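> Kindly generate the complete structure, drawing on both the sequences and the hints.
Residue numbers (my numbering), protein chains in the order written: chain A, 1342 to 1454; chain B, 185 to 298.
No lab work stands behind these hints, which were simulated from the structure alone.
Computed from a predicted structure; not experimentally measured.
C-beta: ideal position from N, C-alpha, C; glycine also.
Each hint should be verified, as a subset may be incorrect.
Claimed, not checked - Sample of chain A residues at the chain B side, in silico, Cβ under 8 Å: (1) Leu1387; (2) Val1442; (3) Gly1447.
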Amino acid sequence: RKEVEQDPGPFNVPEGATVAFNCTYSNSASQSFFWYRQDCRKEPKLLMSVYSSGNEDGRFTAQLNRASQYISLLIRDSKLSDSATYLCVVNDRATTSYDKVIFGPGTSLSVIP
Amino acid sequence: DAGVIQSPRHEVTEMGQEVTLRCKPISGHNSLFWYRQTMMRGLELLIYFNNNVPIDDSGMPEDRFSAKMPNASFSTLKIQPSEPRDSAVYFCASSLDREDSPLHFGNGTRLTVT
Chain A
1342 RKEVEQDPGP FNVPEGATVA FNCTYSNSAS QSFFWYRQDC RKEPKLLMSV YSSGNEDGRF
1402 TAQLNRASQY ISLLIRDSKL SDSATYLCVV NDRATTSYDK VIFGPGTSLS VIP
Chain B
185 DAGVIQSPRH EVTEMGQEVT LRCKPISGHN SLFWYRQTMM RGLELLIYFN NNVPIDDSGM
245 PEDRFSAKMP NASFSTLKIQ PSEPRDSAVY FCASSLDRED SPLHFGNGTR LTVT
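Shown next, in the form of structure tokens:
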């Protein structure tokens, strides 16, 4: 089983739609989680950290389910500018004593006019 | 506030040549990461430095790859000799030495080996 898994998509949604991505991780002791977005031919950029109680930033909501070992990202009222690849990231530092930052393969989103 | 700076942005070289990629992390960040990204394999961690010391180099493909961090503000990734299969985008990223500290990426170096 891969350490971090994501549905690669692509997800093609109309403007204004709500879309959700899931990500599963294999190490139950993992403590830190992030969502990054990556535009075509650009570097990954931090979208948001994921906190145990769940957190929201505008149209974006991240949730963590430790029991099932998955994190999710919900995008409401999607915009054309949300089209990108969304990367799930897990830091396994708690179990390795150093930063072991693992990126998922990414989920591709296309928002269609 | 300057982010992570990588150079060159693009590198085209012939098979067998030596390639050196450079990275300047964000000032104050003491963790530095080199990643390689291809369509087929996604983002792969090559090596991770903490306080200038290589901590995890298990992702370095083979002896042709080497990385150094002589001081807190500079790191290099060298490929010698280069091969066409090394063609990829190479990213450098830095972070604070805290588990909850996210990585900040440079713009990347797009390497083409012909």
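> Does each hint hold? Answer for all of them.
Here's how the hints hold up against the structure:
1. Leu1387: 5 Å, holds
2. Val1442: 6 Å, holds
3. Gly1447: 7 Å, holds
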